[in-house]
Amino acid sequence: MPSSTFADHPATFKFSTTNGLTITPKGGDAATELSLEDLICVVPSYDQNSYTLCYLARNDSNNPETLMTSPISNPPKPLLDQFLISKLPAHLTNPPTVLVSSASGSNDAESYYNNFVSPLLSALYDTHDLGPPSPIHTTSATTISDTVRDLSKNSEQQTVLLLAGDTAITEAINAAKDHVTLAIFPLGTGNALSTSYHSIKGHPLVAPLKALLHGNAKPLPTFSVSFSEGAKWSNGKPAEPTTGAIVVSWGVHAAVVADAEELRATIKSRERFGVAFQEIAKEMHNFLGQVSIRVDGEWKQVGSGEHFYVLATMCAELEPKFRISPDSRPGEKKMRLIYFRVETPEEVGGMMLKAFDGGKHLDDERVRYEAVEGIRIEVQEKEERYRRVCIDGGIVTLPENGWVEAVVNDKDEGVKLVWCE
Numbered sequence: 001m002p003s004s005t006f007a008d009h010p011a012t013f014k015f016s017t018t019n020g021l022t023i024t025p026k027g028g029d030a031a032t033e034l035s036l037e038d039l040i041c042v043v044p045s046y047d048q049n050s051y052t053l054c055y056l057a058r059n060d061s062n063n064p065e066t067l068m069t070s071p072i073s074n075p076p077k078p079l080l081d082q083f084l085i086s087k088l089p090a091h092l093t094n095p096p097t098v099l100v101s102s103a104s105g106s107n108d109a110e111s112y113y114n115n116f117v118s119p120l121l122s123a124l125y126d127t128h129d130l131g132p133p134s135p136i137h138t139t140s141a142t143t144i145s146d147t148v149r150d151l152s153k154n155s156e157q158q159t160v161l162l163l164a165g166d167t168a169i170t171e172a173i174n175a176a177k178d179h180v181t182l183a184i185f186p187l188g189t190g191n192a193l194s195t196s197y198h199s200i201k202g203h204p205l206v207a208p209l210k211a212l213l214h215g216n217a218k219p220l221p222t223f224s225v226s227f228s229e230g231a232k233w234s235n236g237k238p239a240e241p242t243t244g245a246i247v248v249s250w251g252v253h254a255a256v257v258a259d260a261e262e263l264r265a266t267i268k269s270r271e272r273f274g275v276a277f278q279e280i281a282k283e284m285h286n287f288l289g290q291v292s293i294r295v296d297g298e299w300k301q302v303g304s305g306e307h308f309y310v311l312a313t314m315c316a317e318l319e320p321k322f323r324i325s326p327d328s329r330p331g332e333k334k335m336r337l338i339y340f341r342v343e344t345p346e347e348v349g350g351m352m353l354k355a356f357d358g359g360k361h362l363d364d365e366r367v368r369y370e371a372v373e374g375i376r377i378e379v380q381e382k383e384e385r386y387r388r389v390c391i392d393g394g395i396v397t398l399p400e401n402g403w404v405e406a407v408v409n410d411k412d413e414g415v416k417l418v419w420c421e
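Taking the UniProt record's numbering, the leading residue of the sequence shown gets 1, the next gets one more, and so forth.
No wet-lab data here; the hints were simulated from the structure.
Beta carbons: idealized from backbone N, C-alpha and C, even for Gly.
Please note that the accuracy of each hint is not assured.
[As the list claims (entries may be wrong)] Listed below are the simulated DSSO-like cross-link pairs for lysine-lysine, each with C-alpha atoms no more than 30 Å apart in a straight line: (1) K26 x K14; (2) K382 x K232; (3) K210 x K334; (4) K77 x K26; (5) K218 x K282; (6) K218 x K177; (7) K333 x K218; (8) K210 x K14; (9) K411 x K153; (10) K411 x K300; (11) K153 x K87; (12) K321 x K354.
[Unchecked claim] Quick list of simulated restraints, FRET-style, between CB atoms: (13) R329 x D178: 46 to 56 Å; (14) A141 x D81: 45 to 55 Å; (15) D357 x E156: 42 to 52 Å.
Could you put together the complete structure from these sequences and hints?
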């Protein structure tokens with residue numbers, strides 16, 4: 001029987017579908033333990049019984065630090081059965097376009113590409129003599145939309161690896177008319193879509209890599225959004241009809257997102273959301289207007305004329321562990337309404353903590369939670385700051401007596417998204 005090697009050194013292997021791979025070098029050196037989460041894939045080499053093992057290296061805090069590739073020969077058959085990429089997935093048959101956001105909320109897109117995505121693509125494509133794709137780094141606010149728009153003109157399906165946040169994903173969705181498949185990576189601030197669609201257990205930076213290799217491209221459910229005349233995005237541009245896939249909100253959620261964005265210049269980290277939330281919770285403002293939802297084709301009013309937390313989403317989590325809509329499922333053509341009013345800052349803070357605790361806020365009888373086909377918000381506020389709505393992380397200010405309406409699209413049109421069932 002041919003001898004086994006790891007990194008060109010003789011070794012023995014032990015693989016378990018529960019514990020992962022143990023690599024024991026011959027000669028007395030310490031064994032290397034790779035958990036199932038650390039194992040990404042095995043790629044065939046030119047030589048028979050020779051492969052490249054792709055796996056994670058962790059730092060002292062046990063967080064993934066980089067993706068390693070090492071030659072391995074004669075690995076255990078159960079390892080190959082579970083992790084071998086014998087042929088490229090359909091969405092990777094041709095090298096994808098890689099978009100790296102220079103302005104992502106976490107500012108980590110560049111390092112994530114260098115440490116994880118680039119070595120994985122090199123391992124995949126070197127074997128097929130294709131060579132890995134060169135990344136496109138964003139240089140303006142329109143790099144993503146311009147690139148995706150050009151790709152969608154092709155007659156063949158184009159795959160885009162998007163290393164960015166939710167706002168960039170929405171830009172891509174609106175730029176793509178057809179023939180575009182997105183593979184998304186959580187390099188923004190909230191990363192609602194990536195968190196909700198990459199349901200593989202494990203670290204949020206690892207799941208998208210496994211989804212890229214083992215997932216399939218499927219239509220991404222979306223909703224169509226329209227605005228009253230005079231509505232404007234935070235950059236001053238008129239709010240034209242758009243397509244979303246994540247969230248529509250008014251009240252506390254939209255105010256926190258908007259105020260946190262204004263704090264970005266002074267507070268770079270996610271802490272700016274906490275600062276914004278504390279200030280808004282102190283005020284406990286009741287937002288004046290009318291909220292309606294569409295159920296079974298009919299519109300019906302929600303609440304009276306005063307509102308506090310108004311949110312409709314297609315995603316289970318708006319950020320890791322913030323499980324605002326536990327019943328939402330990937331690929332489902334439904335929005336879900338989360339609506340409540342409370343009396344004190346302590347109560348709203350407690351409600352948010354329950355959402356982080358597996359979605360236990362739904363146990364509170366004050367929370368209205370139901371599947372809807374659409375939502376319409378009509379504002380009756382004088383002050384501009386109370387007329388801000390959130391669309392997939394972007395902020396639109398409505399005019400006095402203005403409105404926004406979002407309705408779920410029932411057809412499988414537009415972009416596809418790569419994820420694992």
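Consistency of the hints with the structure:
| no. | hint | in the structure |
| --- | --- | --- |
| 1 | K26 x K14 | holds (13 Å) |
| 2 | K382 x K232 | holds (16 Å) |
| 3 | K210 x K334 | holds (26 Å) |
| 4 | K77 x K26 | holds (20 Å) |
| 5 | K218 x K282 | violated (43 Å) |
| 6 | K218 x K177 | holds (15 Å) |
| 7 | K333 x K218 | holds (13 Å) |
| 8 | K210 x K14 | holds (22 Å) |
| 9 | K411 x K153 | holds (20 Å) |
| 10 | K411 x K300 | holds (24 Å) |
| 11 | K153 x K87 | holds (27 Å) |
| 12 | K321 x K354 | holds (10 Å) |
| 13 | R329 x D178: 46 to 56 Å | violated (25 Å) |
| 14 | A141 x D81: 45 to 55 Å | holds (46 Å) |
| 15 | D357 x E156: 42 to 52 Å | holds (46 Å) |
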